[in-house]
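Whole structure, please, built from the sequences with the hints as guidance.
Protein chains in written order, with numbering that gives the first Met the number 0: chain A, 0 to 219; chain B, 0 to 211.
Certain hints may be false.
Said to hold, decoys possible - DSBU-like cross-link-like pairs, simulated, lysine-lysine; straight-line CA separation at most 35 Å: (1) B:K40 with A:K143; (2) A:K68 with A:K143; (3) A:K68 with B:K155; (4) A:K68 with B:K180; (5) A:K138 with B:K40; (6) B:K80 with A:K68.
It should be emphasised that the hints constitute simulated quantities derived from the structure, not laboratory data.
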Amino acid sequence: MAEPNMVLNNPGLAATAREQELIAQVQRGRTELFYELVRPYERRVYAAALAILRNDADAEDVAQEAMLKALANIRQFRAEARFSTWLIQITVNEALMRRRRERKGMVESIDEGRDEEGEYAPRDFADWREIPSEELERKEVRLKLAEALASLDRKYREVFMLRDVEHLNIQETAETLGISVASVKTRLLRARLMLRDLLAGGWNQGWFSRLPFEKGTKPW
Amino acid sequence: MVNKDAIRCEQVWLEVSNYVEGDLDAGLRAAMDAHFLTCAKCRSVLDGMRNVIQLYGDERMIEVPAGFSRRLERRIVQSTKIRSRGWSVWSAWLIPAAAMVLIAGGIRIASSATVPHPLRSEHAQPARNIPSDMIVVVSAGAKDFHRPGCDAIHNKEQERTLTAADAIRQGYVPCVRCLRKYLETTAAGRTDLEREGEFPLEATREDLDRGH
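Right, dumping it as structure tokens:
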């Protein structure tokens, strides 16, 4: 039989097969396996909650509650969806509910949910050099990336987070946030362009200074 | 043959995100390909955007607080322990407990015939015996906290999990059905309540029948 060999020779397939097996077992009542099932996604769940709540303690609390809710509803999970997407969607719902509760009574800006009109023009056109992903090992770089993301308006930050950090597709991002596909695309474009400019500015302040770029060039 | 002038830089900036997504029709994509070959500005925009996506898409970007995994695992394990006990464990202590309540209730009804006691609602009783770290659930718009799975939980779509200590701190009161055994109820209180018909002994039997 070819299939078992394919699984053995492909770690990605093996991981997926293991995940499906774990889901089936947890659905049959072996709840003690649930943590093993969600462990690969715990960082992403936390990040999704943090992008919405912007508070470490709240994000951790919501991440835990989302995991427990996923466990309570595991029988409703259907194999046609990705488990990670399902988990992230539960987390985003929990985080949005928490935010609504905490902002109850506060008046939100009328413009909060609208897409800005007009185009966003990039500001920096320096020669681009790729930043090696090893740079992410440096805390300073991770911090600057996190700060740049946190500085975006909520509507841009949430869309970017779900699409480019959590790897939901455009349609899933739209469904999770309850906005149109067109809005997701507009916000994603702006978020990506703004982050590009923000990080290019960071280069001028020297936080990629240890990178082996040629003199006078910028990372992008 | 598509040339660079077939599309302006401003139009490229509008579509660059869709280009990265592979979400363009063939004609526009070809025009942008040609534009990128000769326009350094737009190539800078494209490359910078790709770099942003690559950096943020790397899981090492995500930092979690120290001890996050340990705390998450502990909370999940606590929750799964509660779930795995299930009905079999509930029934194991509920049956003798219910029997004892019935016996005690009978004795108190008899004794209350001669000694008057003030009326007390179980809702008003402090839940001093509830372990502070017990995982309980509350739901939006309700005042009670419950053990997970309690039939008396309203609005289950909006329930959240927390410890009993937190629930009490936040002003919730224990559910008189699923947390009955922890309620500090005096013998007199139960007798009077039963007499008032608020919590008849039959309710305990019904709970038992429902596996509660």
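Structure-based check of each hint:
1. B:K40 with A:K143: holds (25 Å)
2. A:K68 with A:K143: Answer holds: K68 of chain A to K143 of chain A is near 33 Å, not above 35 Å.
3. A:K68 with B:K155: Holds, at roughly 11 Å.
4. A:K68 with B:K180: Answer holds: K68 of chain A to K180 of chain B is near 26 Å, not above 35 Å.
5. A:K138 with B:K40: holds (31 Å)
6. B:K80 with A:K68: holds (15 Å)
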